[in-house]
Amino acid sequence: MLKPLGDRIIIEVVEVEEKTAFGIVLPDSAKEKPQEGKVVAVGTGFLTDGGQVVPLNVKSGDNIIFSKYSGTEVKYEGKDYLILRESDVLAIVE
Amino acid sequence: MLKPLGDRIIIEVVEVEEKTAFGIVLPDSAKEKPQEGKVVAVGTGFLTDGGQVVPLNVKSGDNIIFSKYSGTEVKYEGKDYLILRESDVLAIVE
Amino acid sequence: MLKPLGDRIIIEVVEVEEKTAFGIVLPDSAKEKPQEGKVVAVGTGFLTDGGQVVPLNVKSGDNIIFSKYSGTEVKYEGKDYLILRESDVLAIVE
Amino acid sequence: MLKPLGDRIIIEVVEVEEKTAFGIVLPDSAKEKPQEGKVVAVGTGFLTDGGQVVPLNVKSGDNIIFSKYSGTEVKYEGKDYLILRESDVLAIVE
Amino acid sequence: MLKPLGDRIIIEVVEVEEKTAFGIVLPDSAKEKPQEGKVVAVGTGFLTDGGQVVPLNVKSGDNIIFSKYSGTEVKYEGKDYLILRESDVLAIVE
Amino acid sequence: MLKPLGDRIIIEVVEVEEKTAFGIVLPDSAKEKPQEGKVVAVGTGFLTDGGQVVPLNVKSGDNIIFSKYSGTEVKYEGKDYLILRESDVLAIVE
Amino acid sequence: MLKPLGDRIIIEVVEVEEKTAFGIVLPDSAKEKPQEGKVVAVGTGFLTDGGQVVPLNVKSGDNIIFSKYSGTEVKYEGKDYLILRESDVLAIVE
Numbered sequence: 001m002l003k004p005l006g007d008r009i010i011i012e013v014v015e016v017e018e019k020t021a022f023g024i025v026l027p028d029s030a031k032e033k034p035q036e037g038k039v040v041a042v043g044t045g046f047l048t049d050g051g052q053v054v055p056l057n058v059k060s061g062d063n064i065i066f067s068k069y070s071g072t073e074v075k076y077e078g079k080d081y082l083i084l085r086e087s088d089v090l091a092i093v094e
Numbered sequence: 001m002l003k004p005l006g007d008r009i010i011i012e013v014v015e016v017e018e019k020t021a022f023g024i025v026l027p028d029s030a031k032e033k034p035q036e037g038k039v040v041a042v043g044t045g046f047l048t049d050g051g052q053v054v055p056l057n058v059k060s061g062d063n064i065i066f067s068k069y070s071g072t073e074v075k076y077e078g079k080d081y082l083i084l085r086e087s088d089v090l091a092i093v094e
Numbered sequence: 001m002l003k004p005l006g007d008r009i010i011i012e013v014v015e016v017e018e019k020t021a022f023g024i025v026l027p028d029s030a031k032e033k034p035q036e037g038k039v040v041a042v043g044t045g046f047l048t049d050g051g052q053v054v055p056l057n058v059k060s061g062d063n064i065i066f067s068k069y070s071g072t073e074v075k076y077e078g079k080d081y082l083i084l085r086e087s088d089v090l091a092i093v094e
Numbered sequence: 001m002l003k004p005l006g007d008r009i010i011i012e013v014v015e016v017e018e019k020t021a022f023g024i025v026l027p028d029s030a031k032e033k034p035q036e037g038k039v040v041a042v043g044t045g046f047l048t049d050g051g052q053v054v055p056l057n058v059k060s061g062d063n064i065i066f067s068k069y070s071g072t073e074v075k076y077e078g079k080d081y082l083i084l085r086e087s088d089v090l091a092i093v094e
Numbered sequence: 001m002l003k004p005l006g007d008r009i010i011i012e013v014v015e016v017e018e019k020t021a022f023g024i025v026l027p028d029s030a031k032e033k034p035q036e037g038k039v040v041a042v043g044t045g046f047l048t049d050g051g052q053v054v055p056l057n058v059k060s061g062d063n064i065i066f067s068k069y070s071g072t073e074v075k076y077e078g079k080d081y082l083i084l085r086e087s088d089v090l091a092i093v094e
Numbered sequence: 001m002l003k004p005l006g007d008r009i010i011i012e013v014v015e016v017e018e019k020t021a022f023g024i025v026l027p028d029s030a031k032e033k034p035q036e037g038k039v040v041a042v043g044t045g046f047l048t049d050g051g052q053v054v055p056l057n058v059k060s061g062d063n064i065i066f067s068k069y070s071g072t073e074v075k076y077e078g079k080d081y082l083i084l085r086e087s088d089v090l091a092i093v094e
Numbered sequence: 001m002l003k004p005l006g007d008r009i010i011i012e013v014v015e016v017e018e019k020t021a022f023g024i025v026l027p028d029s030a031k032e033k034p035q036e037g038k039v040v041a042v043g044t045g046f047l048t049d050g051g052q053v054v055p056l057n058v059k060s061g062d063n064i065i066f067s068k069y070s071g072t073e074v075k076y077e078g079k080d081y082l083i084l085r086e087s088d089v090l091a092i093v094e
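The listed protein sequences correspond, in order, to chains A, B, C, D, E, F and G.
Counting from 1, one number per residue, gives the positions in the first sequence under full-length UniProt numbering.
Counting from 1, one number per residue, gives the positions in the second sequence under full-length UniProt numbering.
Counting from 1, one number per residue, gives the positions in the third sequence under full-length UniProt numbering.
Counting from 1, one number per residue, gives the positions in the fourth sequence under full-length UniProt numbering.
Counting from 1, one number per residue, gives the positions in the fifth sequence under full-length UniProt numbering.
Counting from 1, one number per residue, gives the positions in the sixth sequence under full-length UniProt numbering.
Counting from 1, one number per residue, gives the positions in the seventh sequence under full-length UniProt numbering.
It is worth saying that the hints were derived from the structure and are not from the lab.
Source: prediction; values computed, not measured.
The reader is advised that the hints may include incorrect statements.
Label pairs and their calculated CB-CB ranges [to be verified]:
#1 E:73 <-> F:55: 38 to 44 Å
#2 E:60 <-> C:73: 57 to 63 Å
#3 D:70 <-> F:76: 16 to 22 Å
#4 F:12 <-> D:15: 55 to 61 Å
#5 G:73 <-> E:87: 26 to 32 Å
#6 D:75 <-> G:13: 53 to 59 Å
Calculated pairs, DSS-like style, for lysine-lysine (alpha carbon to alpha carbon, straight line, at most 30 Å) [stated by the list, open to error]:
#7 C:59 <-> B:59
#8 A:3 <-> A:68
#9 G:38 <-> F:59
#10 F:79 <-> G:75
#11 F:79 <-> G:3
#12 A:75 <-> B:75
#13 D:38 <-> F:75
#14 E:59 <-> G:59
#15 B:59 <-> C:79
#16 E:79 <-> A:3
#17 A:59 <-> B:79
#18 D:38 <-> C:3
#19 D:68 <-> C:68
#20 D:75 <-> D:3
#21 G:59 <-> E:38
#22 G:38 <-> G:75
#23 B:3 <-> A:75
#24 B:3 <-> B:68
#25 G:38 <-> F:75
#26 F:3 <-> G:3
#27 B:38 <-> A:38
#28 A:38 <-> B:3
#29 B:59 <-> C:75
#30 C:59 <-> D:75
#31 G:75 <-> F:75
#32 C:68 <-> D:38
#33 D:3 <-> D:38
#34 C:75 <-> B:79
#35 A:75 <-> A:59
#36 G:59 <-> E:3
#37 B:79 <-> C:3
#38 G:38 <-> F:68
#39 F:38 <-> F:68
#40 E:3 <-> G:75
Virtual Cβ for every residue (Gly too), placed ideally from N, Cα, C.
Next comes chain A alone, as it looks inside the complex (with noise of 0.2 Å):
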C-alpha cells in the first residue's frame, strides 16, 4: 500500500471520454480541460507554519476535479496512480 505524506493524496484517474457536439471523439491535444479522479488514499494532514497538522478535506472515495498538469505519476503494483498535493484539487464531485 503506498501511504501519502503531509497534504498529498494519491488518486486514480479517470479517464474522460472527449465528445463535441456531434460525438466525434477529440483527440488529445484538443482536450485543456481539468481531470478527474477517486481518491485512494491521503495523507495525514497539512503542516502549518505555526508547526500544527490541519486535517485534509478529501477522503479515500471522494471523486475529485484537479489541474492538470499537477502530481506526479506513480506506478505501483502495476497500476498508475497520481500524488497529488489538497491545494491541486480544485473541487469534490458530490
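Could you slot chains B, C, D, E, F and G onto chain A? The hints should help.
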C-alpha cells in the same frame, strides 16, 4: 454537485454584451475589462498560516466581478463553470 | 453598487490636466506621475497571515494619490472605476 | 496636505552639489551615491504580519539618506516630493 | 555514520528494473517515473517559523517513493546515499 | 552623525593589502574575497514579522568580515562609509 | 578569532582525494560530490520570524558534509576557511 475546496468558489460566467457609444458590438479582442459571474458554490474558507479557517465573504447567489484570465474552466453535467480563488474576486455587485 | 472585497478599494480617477510652464497641455505619453482619485467604496479590511481583519485607513470620500499602472479598470452602470488594493495608495490628500 | 499611508514617508529631496577634488561640478550620469532628503510627513506605522502597527523611527523634520531610485515622485501644489517606504531610508543625519 | 540535520533524511536508492509489457528492459532515458529508496537515517525534525521542531513522519527502514532529481548524492565508506528533505518524499510503501 | 535604521550598520571599509606568496600586490580584479570593516554605528535592531525589535549582535568598534558587493556606499563629511544590513555580516574578528 | 553571526558556521574544508575504481586520481572538473569539512566555530543560533534564537545542531569539532558551491571563502591569519549557514550542512559524520 461540485463542492469547491478551501478558498475556492465556483461561478457561472455572465456574458456581458459589449457595445460602443453607437451600439456597435465589439469583437472579442477589443474587450479587455474584468468579467462578471454568478457564484454557485463556495469553499469552507481560507486557511491561514496559523491553521485557522477564515470563512469567505462571497456567498452562493452573489454577482461578482473578477479578474480576467483567473481561474480554471470546468465542464460539469453539460454546463461550463469557472473555479476561482476568492482573492480573484474584485468586487460584489449589489 | 460595487462592494470591494478585503483590502480593495474602488475609486473614480480624477483627470489632472497636465500643463507645462508655458501652458501647453502634454500628450499622454509625456505624463509619468502618479494619479489622483476619489474613493467611492472600501473593503472590510486587510486579512493578516494570522487570520485577523485589519480595517483600512482609507475611507469613502478620501482623495488619494496612487501608483500609476496599479489596479483594474471596471465599467459599471456607464461609469469607469478603478479597483485598487489599499497598498497601492501612496497618500491621502487632505 | 499629503498624508502618507502605513510605513510610507514623504520627503523633499535635497540637491547635493557634486564637486570633484578640483571643484568641477559633475554631470548627473557621474553621480551614483544615495541621496539626501528632509522628511515632511510620515505614515502611522508598519503593519506586521500579525496585524500590529509598529510606529516609524523617522519623524517630520529628520534629514535622511535614502537609496537612489527608490520611491515615487509626486508633484503637489507646485512642489516636488518623493514618497518612500521607511525601509528605503538608510540612515538619519543628526 | 551519517546523521542528517533537521528535516533531512538519508536513503539508499533502490534500483527498479524497468520492463515493458513484453519484458524488454527500457534504457535510462525512457524512464521518467519517481524512484524508490530505503531510509537509513532521519534528522531530528522540521524547524517551523515559530522555532518549534516537528518530528518527521518517515523513519529508518521505511521504503519510500521520492521525486526524481531531488536530493544530493553522497558517497560514504564506499556506498552511495541520497540526502533528501522529507518534503521530497511522496509516499511510504507499506 | 549618521544613525542607521533598524538592522542596518555603518562601517568604515578597511583596505586589506593583497599580496601573493612572492609579495606581489594583486590588482583589484584579482581580489575576490570578502572585505573587512570597522563598525562605526548600529541600528536599534531587527524588526521581526511579529513586530518585535531584536537588538543586533554587532556593536560599534567591532571589526567584521562582510560579503563583497553588499551594502550602499555613503560619503559623509568627506569620509566614505558603507551601510550594510547585519545579515550581510559574515563574522566578527576578535 | 573569527566569530560567525546567527546561523552561520565556520569550517576548514577537508580535501577528499578522489580515486576511481582503478586508483586513478580524478581531476577537479570530474568531481561533483558534496564536500567535507571540520567545524571550527558556530554562531549563536537561528533567528526565527518570531524573534526567537534557536541554537544550532552543529558544534565545533564536528565533521560535516555540505553542499558544494555554498558559503563564502575567507582567508584569516594565513588559513582558508568557509563560512556557511547551518542550512547548507547536509549531515554530520559521526
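Can you give the numbers of the hints that this structure goes against, from lowest to highest?
-> 4, 18, 25
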